[in-house]
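Using the sequences and the accompanying hints, generate a full structural model.
In the order they appear, the protein sequences are chains E, V and R.
Those letters in the first sequence? Residues 0 to 324, per numbering that gives the first Met the number 0, in order.
Those letters in the second sequence? Residues 0 to 517, per numbering that gives the first Met the number 0, in order.
Those letters in the third sequence? Residues 0 to 231, per numbering that gives the first Met the number 0, in order.
Worth flagging that the hints you see were computed from the coordinates, not collected in a lab.
List of simulated lysine to aspartate or glutamate pairs, DMTMM-like, C-alpha gap at most 25 Å: (1) 69/R x 283/V; (2) 139/E x 297/E; (3) 164/R x 159/V.
Here's a subset of chain V near chain E, in silico, CB distances under 7 Å, partners left out: (4) 108; (5) 128; (6) 213; (7) 223; (8) 229; (9) 315; (10) 373; (11) 377; (12) 479; (13) 481; (14) 482; (15) 483; (16) 486.
Just so it is clear, CB atoms sit at the ideal spot from N, CA and C, and this is done for glycine as well.
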Amino acid sequence: MKYLAFAAGVLSASAVVAETPELTVYTYDSFVSDWGPGPAVEAAFEEVCGCDLKFVGAGDGAALLARIRLEGARSEADVVLGLDTNLTAAAAETGLFAPHSVSAEYDLPIDWTDDTFVPFDWGYFAFVHNADLAAPANFKSLGESDLSIVIQDPRSSTPGLGLLMWVKAAYGDEAPAIWEGLADNVVTVTKGWSEAYGLFLEGEADMVLSYTTSPAYHLIAEEDASKTAAAFEEGHYMQIEVAGKLASTDQPELADQFLQFMVSDAFQSIIPTTNWMYPAVTPESGLPEGFETLITPETALLVPAAEAPALREEALAEWLGALSQ
Amino acid sequence: MAGRAQPVSPGAGLVAAALVAAIILGAVAAVFWRADTGAGLGPADWAAIRFTVFQAILSATFSVLLAIPVARAFARRRFQGRGVLVTILGAPFILPVIVAVFGLLAVFGRNGWLSIVLGWVGLPPVQIYGLHGVVLAHVFFNLPLATRLILQGWGDVPAEQFRLAAQLGFSASHTRRVIEWPMLARTVPGVWAVIFAICITSFAVALTLGGGPRATTVELAIYQAFWLEFDLGRAALLSVIQIILAGVAAAIALKLTPFEGLGAGLDRTVMRWDASALSLRFWDAGLIALAALFLLLPMAAIVLSGFGALADLPAQVWRAAGVSIIVALASTAILLALAVPLSWSIAQAKGAGMEIAGILGLAASPLVIGTGFFVILNPFVNPQDLALVVTALVNALMALPFALRILVPGAREVARGHGRLAVSLDMSGWPYLRHIFLPRMRARIGFAAGLTAALSMGDLGVVVLFADPQLATLPLQMYRLMAAYQMEAAAGAGLLLLSLSLFLFWAFDAGGRRGAAA
Amino acid sequence: MLQLDRVTIVNGGFRLAADLSITPGRRVAVMGPSGAGKSTLVNGIAGFHDVPQGRVLWQGEEITALPPGKRPVAMLFQDGNLFPHLTIRQNAGLGLRPDLKLNDGDWAQVDQALTRVGLADLGARRPAELSGGQQSRAAWARVLVQAKPILILDEPFSALGPALKVEMLDLVAELTAESGATVLMVTHDPEDAARLADEIVLVADGTAHPPEDAQAMLADPPPALKAYLGEG
Chain E
0 MKYLAFAAGV LSASAVVAET PELTVYTYDS FVSDWGPGPA VEAAFEEVCG
50 CDLKFVGAGD GAALLARIRL EGARSEADVV LGLDTNLTAA AAETGLFAPH
100 SVSAEYDLPI DWTDDTFVPF DWGYFAFVHN ADLAAPANFK SLGESDLSIV
150 IQDPRSSTPG LGLLMWVKAA YGDEAPAIWE GLADNVVTVT KGWSEAYGLF
200 LEGEADMVLS YTTSPAYHLI AEEDASKTAA AFEEGHYMQI EVAGKLASTD
250 QPELADQFLQ FMVSDAFQSI IPTTNWMYPA VTPESGLPEG FETLITPETA
300 LLVPAAEAPA LREEALAEWL GALSQ
Chain V
0 MAGRAQPVSP GAGLVAAALV AAIILGAVAA VFWRADTGAG LGPADWAAIR
50 FTVFQAILSA TFSVLLAIPV ARAFARRRFQ GRGVLVTILG APFILPVIVA
100 VFGLLAVFGR NGWLSIVLGW VGLPPVQIYG LHGVVLAHVF FNLPLATRLI
150 LQGWGDVPAE QFRLAAQLGF SASHTRRVIE WPMLARTVPG VWAVIFAICI
200 TSFAVALTLG GGPRATTVEL AIYQAFWLEF DLGRAALLSV IQIILAGVAA
250 AIALKLTPFE GLGAGLDRTV MRWDASALSL RFWDAGLIAL AALFLLLPMA
300 AIVLSGFGAL ADLPAQVWRA AGVSIIVALA STAILLALAV PLSWSIAQAK
350 GAGMEIAGIL GLAASPLVIG TGFFVILNPF VNPQDLALVV TALVNALMAL
400 PFALRILVPG AREVARGHGR LAVSLDMSGW PYLRHIFLPR MRARIGFAAG
450 LTAALSMGDL GVVVLFADPQ LATLPLQMYR LMAAYQMEAA AGAGLLLLSL
500 SLFLFWAFDA GGRRGAAA
Chain R
0 MLQLDRVTIV NGGFRLAADL SITPGRRVAV MGPSGAGKST LVNGIAGFHD
50 VPQGRVLWQG EEITALPPGK RPVAMLFQDG NLFPHLTIRQ NAGLGLRPDL
100 KLNDGDWAQV DQALTRVGLA DLGARRPAEL SGGQQSRAAW ARVLVQAKPI
150 LILDEPFSAL GPALKVEMLD LVAELTAESG ATVLMVTHDP EDAARLADEI
200 VLVADGTAHP PEDAQAMLAD PPPALKAYLG EG
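So this is what it looks like as structure tokens:
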């Protein structure tokens, strides 16, 4: 009965007219979950904005963009948080986003000049493995080894797409040969990150495609130093997660305020131990203890957002060709 | 003519069938309507269609081939706990996919129990990933269903036939030729087609265990079109192909096995004189033991891996469990509102049109249905407000084909057995439903309700577009735990999910049987 | 001689005691109140119910533990005497060989039996295409082919009309006179007994009583039978 009453309460809550202005932020599901940054961010922003911040979770980054495209200018969203650089070109093309007014000193390995989207965190893709494994130092030796890896499908998952772009950015026209080398190492391909990481923890593979920051979770949250990420000589592909203001917003000032808040210490200090990514602007207090143990790639790889869609199509065809044999 | 001879008009069922068809086809149409680009299918899509059909054929064939001897063993043996075993062996069918996959991997994975045992005798670990892994998982899911349906076929053979066979001194092989083969020839094609239809829409299983993009199914191609390329036209087109594939299989199934169902006679065992030889007893006992091992070991793995985390599950998981139970109960209510009228209408009808409408829910891609609902509802309401309603509705539609398989044969019996008497007593409408139809159908309705509630508990539904963060269902909460690296808590949530699914099934099923008019 | 030597027949929770013998070639009606155990008795003899105590003997040989098909018994049931998906000819042929691997001589024998029961032209039909009386005759053809020395009929004609029933009873009399088979027929109709039976076994109060002369018993029924027949 309690749950029924609870459900009814929540369902009818949206019908109540809010006195305070409301800012609606669409984001991906794990951001808004109780274990993600969502709850802490909401509390911190509501302290300063005199508003009601409402997070709406919708699948992952790509599902988020799909939802915005479906809703079009009718969307209730004021801000979309959680697209990455693979999606920003397509997102900008929809014409649904408005330029931002945020200025910040980003701690990104690259220069950030986009005037539509504001970065809030970033990370490097990497293969995570148990510390006692002699890990290869590049894709070629991984392909020659008999190590097993689990990866995600680029057609349904952000890290999977990231790996595709990583190999393409590092090897260009040689990418198909790299994938052919990797084909017999790939144990299986999963729908999303969670399944793949779960398989790895169950011992189904020696390595899993994840982030350089993944070992930080085990170290900080579980005091387990047994996981580490393999540093690759080619460099590591970056994922930069961004937010943008919708042109159709009825709260443009509040949206700008949120985006500015997003690159402030209050928001950024929440990110490392909830989203397990690097903050876009390192907070004054620095990174949490444990992050210094993570590998720091020599080279940061990133395909410019504008070139991403065309390159993605080519890389996907190569990937399918190499792994379908 | 049927309407005159029967005490309830088939009108309500026709309305329900039309409603189901409108909801599903309307959703697909809405996606088409919203599509900008009209790109056709590429070679990769055709490859996905071929693989989908191929793996579904293999999965259905192996499920049925293995189910026949197991069902026969159950049909001709009576032992303590047989009924309980038959029920528990049905559990994989209602398991959430992700829970089941991890259970299977704990047994058959590279680091699984079987590989460990093989390691003791110096053999390499099992290679589970690949087409055979997909088939293994589908057999795990569908062997229980196939066994139950085929066992039903044995149950439908009149006891007199086995008595007559004994009279004539039939051996086991004579019984096979004269009684069992003809029964199987009637039953098996339908069972095969139902499982084929289920395997057509498989996605996560095929992907996780498939070992790579070779194992691309139509559902994954839909995902790609929607997620990666936002090509709604192609997503809808692929969805239509999926509906046609599964629909054709379902139509064949219904044509081949018009009177066969899931419900009655499961507990009835016929004394069998042809199978009393000691060797046959050992054979049957061995088969039952093997099937039980195959189906129960992965479930044991789920229990073992989740048990430790069960005690200190986060509060959100319990709340999600509450939400899921509400959704499951709502799904069950919607299902009964659709399936019960449908069942009495189908029982009076000659054609299979209404029952095919019932199959649509199984055949349609949840992603496309969800998108369609979103396109339709978004201009009028905030989809998030309807998250639970839509999830409950979609889960009910998915369970509808199974519910009809359970209810329709019973409704036919009631119509045949009591229809004319009721008409002659001038009994019709509600009094007839209340005093005759519903009491006679009680056991089957309980079974159908239990199956729906359990399936609904485990289904992720259409939450991608309709997710409401405050009202996450248990499967979604389990995914969230995994996304937050909390694999142990996720395993605990998986065990909770398994337990609640089984409990709901048991509660409805037992409730239906208690006090059921025999 | 068919001997039930101090046997107890178990049918679920019901137990029936019998200590009697029946002379070969006799036609015996099994009578008694509803639920007294008439069917239990004949099913025990046919091997469908367990006999935990006592011995069942035929011509001095013990058959207590033999499976139904190995006993010297052919049986006509109330219903379910024919497989609906097989033809009449195949159904009758099953009486000869359960695997239906019949040679020309066997088939000739089947056809002869069909002719004998008046179904010579209907062998290719399935049971559903026949009338009730024709179905009974088809089952008879099967029993004839089985050629067992004991024939048990468990109310086989109760669904037939009066004229048809008389016709079938006469057929039983005629056919068993030819073969010399021993007949045990469960019936609740004294006219059936009068028409066909030499002797009557009375089943009442959990006991099957030894057979007694039919005419005498019907003329002067013992109390249990009298109560059942309802005569004043």
